[in-house]
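Student: Starting from two chains that each stand alone, build the complex the way the hints lay out.
The chain contents come next:
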Amino acid sequence: MKLITKYNRINIVATIVVMLIASICYYFIVRYVLIHQLDNTLKVEEAEILNYVKNNNKLPDPTNYRDQHTSFEAVRELFKRNFTNVRLYEDRHHEDNIYRVLSFPVTIDDKLYKASVTKSEDEVEDLIEKIVLVTIGIVILLLLTLFIANRFLLRRLWEPFYNTLQSIKQFNFSNKQISPSQETDIAEFKDLDTAVNSMQARIIKDYETLKNFADNASHEMQTPLAILNSKLDLLIQEPNLNEFQTKQLQSMYDAMNRLAKLNQSLLLLTKIENNQFANARAIQLNILIKEKLNQLEDLIIAKRIHLSTDLGGKIVYMNDYLADILLNNLLSNSIRHNDDDGAMNILLNNEALIISNTGAVFSFDTNNIFERFKKGETSEGIGLGLAIVKQICDNYGFEISYFFREDLHHFKIQWAKE
Amino acid sequence: MHILTITINHGQSTCIVKVLIVEDEKLLSESIITCLRQEGFVCEAADHYKLAIQKIESFDYDCILLDINLPGGSGLDILNQLKKNKKLDGVLIISARNSLEDKITGLQLGADDYLPKPFHLSELVARITAIIRRRNSGGNNMLQFNELLIDTLAKTVSVNNKLVELTRKEYQLLLYFAYNKNRVISKNAIAEHLWGDETESAGNFDFIYTHVKNLRKKLIIAGCGDYIQSVYGMGYKFIS
Chain A
0 MKLITKYNRI
10 NIVATIVVML
20 IASICYYFIV
30 RYVLIHQLDN
40 TLKVEEAEIL
50 NYVKNNNKLP
60 DPTNYRDQHT
70 SFEAVRELFK
80 RNFTNVRLYE
90 DRHHEDNIYR
100 VLSFPVTIDD
110 KLYKASVTKS
120 EDEVEDLIEK
130 IVLVTIGIVI
140 LLLLTLFIAN
150 RFLLRRLWEP
160 FYNTLQSIKQ
170 FNFSNKQISP
180 SQETDIAEFK
190 DLDTAVNSMQ
200 ARIIKDYETL
210 KNFADNASHE
220 MQTPLAILNS
230 KLDLLIQEPN
240 LNEFQTKQLQ
250 SMYDAMNRLA
260 KLNQSLLLLT
270 KIENNQFANA
280 RAIQLNILIK
290 EKLNQLEDLI
300 IAKRIHLSTD
310 LGGKIVYMND
320 YLADILLNNL
330 LSNSIRHNDD
340 DGAMNILLNN
350 EALIISNTGA
360 VFSFDTNNIF
370 ERFKKGETSE
380 GIGLGLAIVK
390 QICDNYGFEI
400 SYFFREDLHH
410 FKIQWAKE
Chain B
0 MHILTITINH
10 GQSTCIVKVL
20 IVEDEKLLSE
30 SIITCLRQEG
40 FVCEAADHYK
50 LAIQKIESFD
60 YDCILLDINL
70 PGGSGLDILN
80 QLKKNKKLDG
90 VLIISARNSL
100 EDKITGLQLG
110 ADDYLPKPFH
120 LSELVARITA
130 IIRRRNSGGN
140 NMLQFNELLI
150 DTLAKTVSVN
160 NKLVELTRKE
170 YQLLLYFAYN
180 KNRVISKNAI
190 AEHLWGDETE
200 SAGNFDFIYT
210 HVKNLRKKLI
220 IAGCGDYIQS
230 VYGMGYKFIS
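Residue numbers (numbering that gives the first Met the number 0), protein chains in the order written: chain A, 0 to 417; chain B, 0 to 239.
Next up, chain B with everything else stripped away, as it sits in the complex (with noise of 0.2 Å):
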């Protein structure tokens, strides 16, 4: 096993922050540990259900993903056990079954969220980075990067302590961007962020860069730098 230990700065808090990987599919636990490692996360991985439930009581994450399928047990099992020993660990059900069953029982045994199978990884990330967010910053609802300053709690933007108008989807799209520095987002990732199960046609995006572009400039009038870069024309990264 091994645990990186990286000190990052998110926003204003620095922490270290521990996820654990509860997922029996190998392939798809490398990618989101190798994507949240280069977030600057402590990643370990659980492939089953009582590998699980040892670490669990071994030792405490700010988050845990967690598969509800698992060998040798059911995830939302470990999410009793979690309750049952009081443990405050943020949970991300992540899982193939799309049901809605799973999702209200899931969040009735105290998963803070569930994203379904399959999602990208900067989605995961986002969400992550939100339930950590909501459970360790004790309040602190800023995520500010330079001249910008975003806060969550009353969801609007300031630069240089200027309130910038936005629109609702300007707003969400500037913090998925901010959750996913120096990452590249695919057009398909913001989409289907932005407009979830609404996105029904692939291909058509141009609404997606005219947000952007709206976002770009409204950002720069305010007098802030320019910060999100196109990448290809195959989606966009937030540089800080």
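With the rest of the complex left out, here is chain A (with noise of 0.2 Å):
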């Protein structure tokens, strides 16, 4: 739910509950007040009836006007003062009206008198009406300017929110853009603004801080590394070394191997995030795809690997270096994780380049094929290449996907729309 809409929700039902019992309230506060003044009217009345008794010693007579009248009547028992509404049939509307009676004993020579003067409340009645009526125009008059004023004062408002929102929704640290700042003068929506600014300025510069740190780390790793390599190359040299040491060292240089490996694959995979091939240019991939073919040849060989390839004349424009990796991640991986004696295919074309070979099924999940260090048990690599692959792909805006169809491995490469 909107904001918006919640408010213009909850502000509207409260402001009609308050004005319901507003009105409530209202209404009997301005009754009371009539009914008060209407009394007085009426006592108004008895004085003067009381006032003409004691200097006559006699009732005057009843009258009977349209909205009030006087009548007297002899009691007994000596009664209280008071005030009492009655409803009478009036003839004249041939309806019940309510009307306000004021009752007091008068004593003339000893008898005793009920007087009692009546009064229409019609009046009152009337007046509360125009007094509701006007009530509930002004209620529907404020509810409708509120619902309007909500609707596009508070949508105005807000404009600032909503495009500071839509700033942290592109915002992407890798292409090092601050979202430039709103031009507002409410302190609340310049302070989101300064928040969201300077925290993506402090995310940028952390990310920055920590591919340098990864950058600095590999390249401070390759030293020590070197030093090691060219130790365990002077120790093979001795003359007299036995089986079980040898065997060690074997180990020592495979390990070796693996952390030189791993480190190169960490530092180019930062280059390319980096865009540190910027320079592209047209490449013939079906060339280049022979080339590497050859140059693999051993592998495939040394597998018995069957290789069927239909290439078409597709160029690419990239950076040379990049090709090259490309290329010979996928065909590596699609030789080593190959069975002996399987297949191999390669289908180049204007639209896409796919690669299939026959091997054993993964054992993960291969919605994560790309992530790094995502590989099958049995992978010798280091789980770098496919990441490669795949920072390669995004950087040219070319689409890596994979499926395994036909009892064979798919990897195809959609080449970016021209």
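Rather than coming from a laboratory, the hints here were simulated on the basis of the structure. One thing to keep in mind: the hints can contain errors.
Each computed DSSO-like pair below joins lysine-lysine, with the alpha-carbon atoms no more than 30 Å apart [as the list claims (entries may be wrong)]:
| # | chain 1 | residue 1 | chain 2 | residue 2 |
| --- | --- | --- | --- | --- |
| 1 | A | Lys230 | B | Lys168 |
| 2 | B | Lys85 | B | Lys17 |
| 3 | A | Lys291 | B | Lys217 |
Tutor: Pasting the structure below:
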């Protein structure tokens, strides 16, 4: 639910409830005031009657006007002066009307009379009715105004917020762009915008630091690796090594080799991410693939892999070093993870490059196949080959995908649309 | 400073090879010096920029191993200095920063080759030997071991003056052995030399065994002595 909708809903419900309670209170207060006024009129009449009785020592004539009349009747017992409401049938309008009646005792020559002054409440009801109508009108007008104001004013007011939100959504730390500052005179949104911008700057800075750290760490590792490597190279020159020692040395070599390769791959990934291979040129892929296959011939022959190729003349614009790595990683993977006497097919055309090969089904979730350090249990690789492939494809807008079909592993690179 | 002067026989030419190692990492330069002395090279070391400049201005070297990141300056500036002084020393850049730009700049400034760290000493020896032969042999591109003759220009191999048909990989392998004669070369070093970055996987060196076996067989059939020895299953050694 949008903030505006929620706010509007609460606002309108609250307004209606408050208005309703207020109207009821208002109604009773107005009514009380008006009745009080009516009672005062009756009291004035009472005073007049009592005055008349005092002066003339007899009852005045009963009156009967349209909305006020007085009457007298003889009573035996003394009673208290009181105000009552009575409902009386009115001939003229053929309907019941409510009347306010003031009854009070009058004594003339020791005879007790009950005097009643009756006045119609019609006027009071009329007034209340009008007041209620006007009030309802005001409430409706107020609600309408509120609704429209919320709809248009709030949207305008919140605009800087939505702009900031949009800029957060579009933020991508790899392109190092801090979103532009908002023009707003609302302090909260200004604060938010400043906070978001400084957060973005901090993220970019942290990312750079982290990247530089990885880069420097990898570089710093090269020298100790070189020292280790050279010491091993010297050690194996010793003439009196026994079998046990050589086995240990070989293990050290292999571990060294893996460490060196891992380091090299991490460095390469960082460089590709940093777009350090910017210069591109037209590369004839079919020719490059043939060259690569030539270089990998030994491995293909060693595994007796049956190779079939269908290479169209596709030209891509990319850095030649990256093109070389891209093909190398895909092709050598396809050979390395292949079965002995297996099959390998390469299809190249204007839409895509598809490399498929036989080989054991992967034991892991292939959705993550392009993630770093994702590899099968039996793989001797370091798990960065496909991550590098993916990064290169991302850089050039190629779409790489993996699927398993007809007992073959397929890697497909969809070229970017021109 | 100890200067060892050894006269060595590399192929047919007899010469004293002087190498300057410009590397600030003591442990690494020690290894390099030990290895190169075993090869019979005369080695000097400079572990910072100023010393390196002094040395290149005072002496001539057949080959300079040049690290790019040095205390006190950049190896690339040393290259510039060499160029300014019109020195003909061969230069092999050894750098921890395996960057294309450094490589391109280095080669443009007149370096002969570029070897990223970490490297195998056998690879280093092969590269240095190649540089020195290219510069000093004066058109002599023959490497001879008794009946075995390698023509590094035509890239051919003959035994008793009869050509031996070798594949490209077998030829590269033989040349690598020849440049590192009497040294044990690890399988890892061979794999890296022959396949470079393509060998991501460690451990599976069957294809090296196949290549060495084929090379040996071809040479023996051609009437050549069996110079390639297997060393404890860990590597190979070329003995002449």
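Student: State the violated hints by number, sorted upward, taking the hints as numbered earlier in the document.
Tutor: none
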